[in-house]
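These protein sequences, in sequence, are chains D and W.
For the first sequence, position 85 matches number 85 in the UniProt record's numbering, and the numbering has no gaps at all.
For the second sequence, position 704 matches number 704 in the UniProt record's numbering, and the numbering has no gaps at all.
Note that these hints are calculated values from the structure, not bench results.
Computed from a predicted model, the values in this text were never measured in an experiment.
One thing to keep in mind: the hints can contain errors.
As the list claims (entries may be wrong) - Computed, partial: chain D to chain W, Cβ under 10 Å:
#1 TYR21
#2 SER45
#3 ASP61
We put the beta carbon where it would ideally sit given N, CA and C, even for glycine.
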Amino acid sequence: MAIQFILCFNKQGVVRLVRWYEMCNGGMNRNGNAVTNNNASDPSSPQDLIAQIYRLISARDHKHQSNFVEFSERTKLVYKRYAGLYFVMGIDLQDEEPIYLSHIHLFVEVLDAFFGNVCELDIVFNFYKTYMVLDEMFIGGEIQEVSKDMLLERLSTLDRLG
Amino acid sequence: MERKKSFITHNNNAASSNSSNIKGLQLFIADLRSTQQSEEQEKRIQAEIVKIKQHFNSKDHHDKLGGYQRKKYIAKLAYVYITSNTTKLNDILFGLDQTVELLKSNVFSEKLMGYMTLELLYEHRNVIEKINDKVEYQLNKDLVGNNDNFTSLALNFIGVVGLLSSQMGFNEELVSNVFQILRSPTSSQNLKKKSALAFLTLLKANPAILTEDSQRKQLWIQRITNLLDDTQNYRLTLTILPLVEFITRNIDPNCCTRLLPQLTQILYDCVVLGTSSSRVNQFPLEYKFANIPNPWLITKIVSLLSLMIMSPNESDTNVQNTAMLHTDNIEPEILNKLRSCVTEAIKLGTKACNDPMERIVQNTVLFSLINFASKLDPSPEAIKNSVVALCSLLSSPEINVRYLTLDSLVKLCSLSGKPAIDAVRYDNLNIILNLLKHERDASIIRKIVDLLYTFTDSDNVKLIVDQLLNFVTNSKHVNDPHIKSDIAVKIAILTEKYATDPNWFVIISLKILSLTTSSASFNDDEIWQRLCQIVVNNPYLQKITCEKLLDYLYENEVSESIIKTSAFLLGEYANQITDSVSIPELFNLFTDKYFIVSNLTKAMILTIMVKLYIFAPEIGSAVIKFLQLELNSLDIELQTRSFEYLKLIQLAKVNGGDINLLRTLFAPIPPFNTKANPLLKRLGSLPSTAGNTLAEATPPSSSSPLPSDTTASTTVLTPSNKMPPIAPVSRMNTQKTQEQYYSEQILSPNWKEGFVRMILHKQGILQSTPLIKIIYRITAPDPTQLSELRISLTFINQTEWDITGLSTEIIPHRIQDNPEYVITKKEIPSNASIQPQKRSEQSFELIVRKPFDVELSPILLVHFKCGGSVNVLKLKAAVGVTSTLGPNPQHVTELPEFIQRWKVLSSALGKDGECVIDGITLKRESSVLEDNVEDAVLLMKQTMKRVGFDIVEQGNVNNTIFASGIIHTKSDGNFGCLVKVKYQDNGKISITCKTTKAGPLATYIAECIRYTLMK
């Protein structure tokens, strides 16, 4: 009952943000149905998983398809595209998806206010600040603060600490 | 320079100041981005790495390598790691020690960079192995240090990597440091929030943190649940909820049941009051999101409540039995509040609104509560209303809404059973089938199929299976082969379960198998294997199946599954269809197929060749030729198999055509006795109860001629050797936890005084502390039912401050398997907050079903907060057998009568119904003189009267009290008892009790009396 990972990549599949809250090889793609019979098979590496996720999501038509898609025997994805960037959360199958859209939206709003009209380059050049924002919002696979004002106040304090 | 493009349209000023930027890093990144060629990039990176290595290694510079420089270099390495998509891990590992060095810095931004970099690198086991000890050492320093910002970095780090490192959860010092921050009243809100989630992470990594030591478990869980109370805009609550949910799910399902009223109130405040337009009770604006009061809090509370409350359906079907609350023992007031939350959410969710985000959040709340509604024992009416509300959303233009609606319908149908299923399938089947035709999203199709699957039965199976088949063969919108394969499995299960027409069953099953040609990934061996099992077990299917298979074999293109099925079934039953096809013709058919199939199927065809030979030895030479050819096969299995078969046939020929050996080796296959359909385990994504609910909703009897025959287990499954239902086992578990839970409670130090008082007096003080006073009153509301008791409690605030968060929990010794007493009609305290000198009241009713030891009386937990301190009182509310004492209808008032009855009991039961307790020192009030027999006897007499005994008034035996009474119990009936209490010469007291029933009852009574007399 938690976020397994948070991912952000652009339309070309270049990863801008990754956060695993648990060892990522717990989840297998449907393609790996041999896995259920054969536990000895190699666990997918994080990079393989990200590539699979990218292929799955970038192929989806965002006009005619929902923001939710089942990914593996234990993971489903909730994602949303903002301009050229996809924000993806992997969650447990029994979780209810829609609230995670709010997670993503709040995260993007906070990034936007913190950087001021945030764009992909802000995340590239200030990757460490982006992770700081991420950590102030999510730890242990759970959201820890939902007030935008509180978050921005805290972030700007931390940013000025030097 | 690249042009900056915002991905949200806004015009805010940057909140981030440039002062915290690292210039060297920015230049490095810009440099890398401007070089187009990957070779050049690689050169640039290697050059930088060499430079950084020099700085790190150089002895001269080492001392001078300032914090800022170190931060900059580590940042560059981190960027190299990120931008290379982690492939350059080994190139940057040399910087690990310097990164750890960075953690020790006293400058925030340097420490941040250190922790941030390690958060990324902890994904790799070799990194963890190298530095984890040093990192944990630094973490502990930062946790206990007095710089809050450092502590919060350490907590973040634990919350991020706690599950990645296998050791962190086992570092006792680390765990207790984190918990210390969580429980300390002086920690800031911010640190508490973080420590709650950091602790959750550690607990997930190592649940033994709480399970190993039962005293710590109790204490820590209590501290955690008390934090839910602390509602500064529910900031802390939001992070405590997942922790409590994890504990409830995995560690102790009882831990939060007492919080039900409080959780309900928070939910009600958000969903009902928070959304009302009235100005009173305005929900704080900053905690609204898209105009809805804190949707995160709502979903988290609902998730916890769903775990705690078990719906009537679930208790039958026995899913994970962790929930302890059943709807029938939840106070009606709470149930109503929860139900009104559902109603409000439906209103909210179906309200028109234009902002897309707002609509998503509205729906978040709607679906969360509708999914929860089935836990609240809804009326068929209420279920139908939910279905109507949901189905109206099926035509929503928003894809997400349609997806979630379907998801919700699937859950509703699985959990609420027939009323929901009927409402969906009778009124809305067409909409759903229509969606199946037009949706383009695999996720949605999956949900539609799940939904159709939940409510298919023998009435609509043909329609639904046709539509699904149609989808699999024709759909162009969705080209996900996995979905199609999943649907094929579902069709197979549905036809097997609900087909009423054997002909149709065979046609559909073979159609599924024939689909293989259209999609290569359709290799579901389980489907054809299952069909073979069914056909073997049901002789009347054998002929028609073989005939239909033959039709397929004559076609040009035929799927491999069909060939496999044919190889198996025609090999068994070819003799049944000889009027349609001759054996040599069959042989030719299979020879044709042989060269277009995989080796596995080839092996199967080799086997049918031999079987055909047994049916018609005249094809012998053709078979031998064929097998000889395969002796040269490259596949070792095919080679061996043809060699063996060849030898067998040659052996038969040598023996003058004696095929008895072959007949024995290829004897007809006996019926299968697999109990479960192997296909069912393929239904991964369905809610677990779906199958069960349906099985109950449609009795498998009457209408269909197939049902009992289609299960492969026909011959085995008789009622007598059915598997026993699983329910009793799990009940034992729950009961064990309940008894364990009861016995784990550590009572407040001075609990005994109130406990004894409760045996003696019908009302009085149960507990009095400087903070709170608790008064009890025991009554029997119905004078004709003395075994039914009402216990009223009054809580009085003895301080000058407010008492808040008052909640209670009543823990009976046992709750299942014929318990001695049951607690019914539990109310919650009339007020959760008590002003100084004011009171709050609560009562519960208790039915004594059988005699029991007063030691097993219910335990009462009282939680409250006062002046910043969190308090728990754990008391035992004495309810003994003597609490049900009533007067004997035939009063024993004369001593001779008493003696007469005493003798009757002695001769009837002997020592069986008797208990003697000796050597009790009488408690004396100060006014009573030592060794004064008269005073002592008077006190004893008063005590016995107070407890409720009838006293025999007599003047003959001065040192003894003779008393009698009737004990009332609900299930075991009423029992008479006679008691002699004697003041002995040595100043001690002895109690002798006799009852009209053998067994421990006399002991139970004597024990109660002893408590009241004893010093």
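Structure-based check of all given hints:
| no. | hint | result |
| --- | --- | --- |
| 1 | TYR21 | 6 Å, holds |
| 2 | SER45 | 9 Å, holds |
| 3 | ASP61 | 7 Å, holds |
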